[in-house]
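Protein chains: 2
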Amino acid sequence: MTYCIGMRLDRGLVFMADTRTSAGVDNFAVSKKMFTWEVPGERAITIMTAGNLATTQSLISLLEERSVSEQERDPSILREPTMFQIARLVGATLREVIAGSSPTGQTSDDQFSASIILGGQIKGGKPTILMIYPEGNFIEITDDTPFFQIGETKYGKPILVRAYDRQMDFADAIKLLLVSFDSTVKSNLSVGLPFDLQVYETDSFATDRTKRINAEDEVYQEIATGWGDALRSAFELLPSYEL
Amino acid sequence: MTYCIGMRLDRGLVFMADTRTSAGVDNFAVSKKMFTWEVPGERAITIMTAGNLATTQSLISLLEERSVSEQERDPSILREPTMFQIARLVGATLREVIAGSSPTGQTSDDQFSASIILGGQIKGGKPTILMIYPEGNFIEITDDTPFFQIGETKYGKPILVRAYDRQMDFADAIKLLLVSFDSTVKSNLSVGLPFDLQVYETDSFATDRTKRINAEDEVYQEIATGWGDALRSAFELLPSYEL
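Chains as they are written, first to last, in my numbering: chain Y, 554 to 796; chain F, 554 to 796.
Simulated from the structure, these hints should not be mistaken for laboratory data.
Keep in mind that a hint or two might mislead.
Copies of one chain are not kept apart here, so a pair can be met inside one copy or by any two copies together.
[Stated by the list, open to error] Straight-line Cα separation of at most 20 Å, SDA-like style, residue types lysine to any residue; simulated pairs: (1) K764 - S793; (2) K739 - P699; (3) K679 - S793; (4) K710 - T778; (5) K710 - R785.
Remember, it's a predicted structure, so these values are computed and weren't measured experimentally.
Go ahead and model the full structure; you've got the sequences and the hints to work with.
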């Protein structure tokens, strides 16, 4: 399993992905699930992946190769004029990879399946986030649904729904993502630290504000332990139910 | 979907079940999922069900019939000497019902599948809770795992894990269950009000402390709206993460 969130704020985008990959509890490893492409001053693209590792690695390799080799550079993630066109490209590539492994085709419950969060900004457009399904189709973020999750989405959703605020600054947004990730990590062994974090500020066209957050990270530890206490205090404040 | 929790405290047991049954979002209804049997002063038994409604209704009808008709009264949920034996009886009956509908047998992913929480006390024994799988086997609650959930278990789990305390009084335990149910209801349309609540006090051998909690219930409303505010205040208290 996996857990990734892409969130849109007024001031930009925030992405977080865990790094645990597993084929059973006795076979797990650390594997990056967040990938970035950049043309300085012109575009900044981030992709996060969930699902079959062979599928997602092939997808990223194909996108990479097509972005570096001159002959194959068209279609390229570095050339497409809009985020919408990049989503079409990534969706088509994803479908192609799954179709190559799976006799039954690219459906969500296929074992070779994968889901993608794509986010970023291209000059002339606004920052946006899209979620791409294994079938290659996709949806775009709206003000009503200001974040996308892929992987193990349920444990960490209630706090996102309650505490999200589009005017948040990045420091609070990262805190929110860490609380959501912490609830998930504590409930599902197949989601694990370290977490990859990226913050994208609108019109910066740069992908360099990133960090890998380890279990030893002091602020993360403070948030993880503090959240249990904070929840219990919040709980105390509510009225009891006399039967 | 469904959501039920059975929880053990030092002073007894608490059960809560939602009542929404659905075969798609355009076909839903209210249906009881909590059932009790009692021999005053001798035993109190509670069963909650999740899964295929035809399966769970057949199961309850068979258990009911075998507990009322003189000829078929053996084996009976009102006669078995221990909770363990009742769990075996319920498990066998469940397997029998599923096998009658399903050509492929009683596995968890079968469409006729169901899961059961069984709780209560028989004189001479302690109050306990067991979870019965579609295959008919079961597990018993322990101090390390002091509650069982069936149905849509993920959204409501983080708060249970953080705020449970075996020395809680019933009023606080009900509050905890309501918070857990509220998070689930807000995230999954197939879990819905009203909720059925039952509190069992150790050595009371009575099943009469029950209540159906509606959406209009004042304390529930206070908890549901108050929890959002409480969560946000708790969240404010944590340190922000500066990147």
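Worksheet entry | Hints the structure fails to honour | Of the numbered hints given earlier, the structure breaks just one, which is hint 3.
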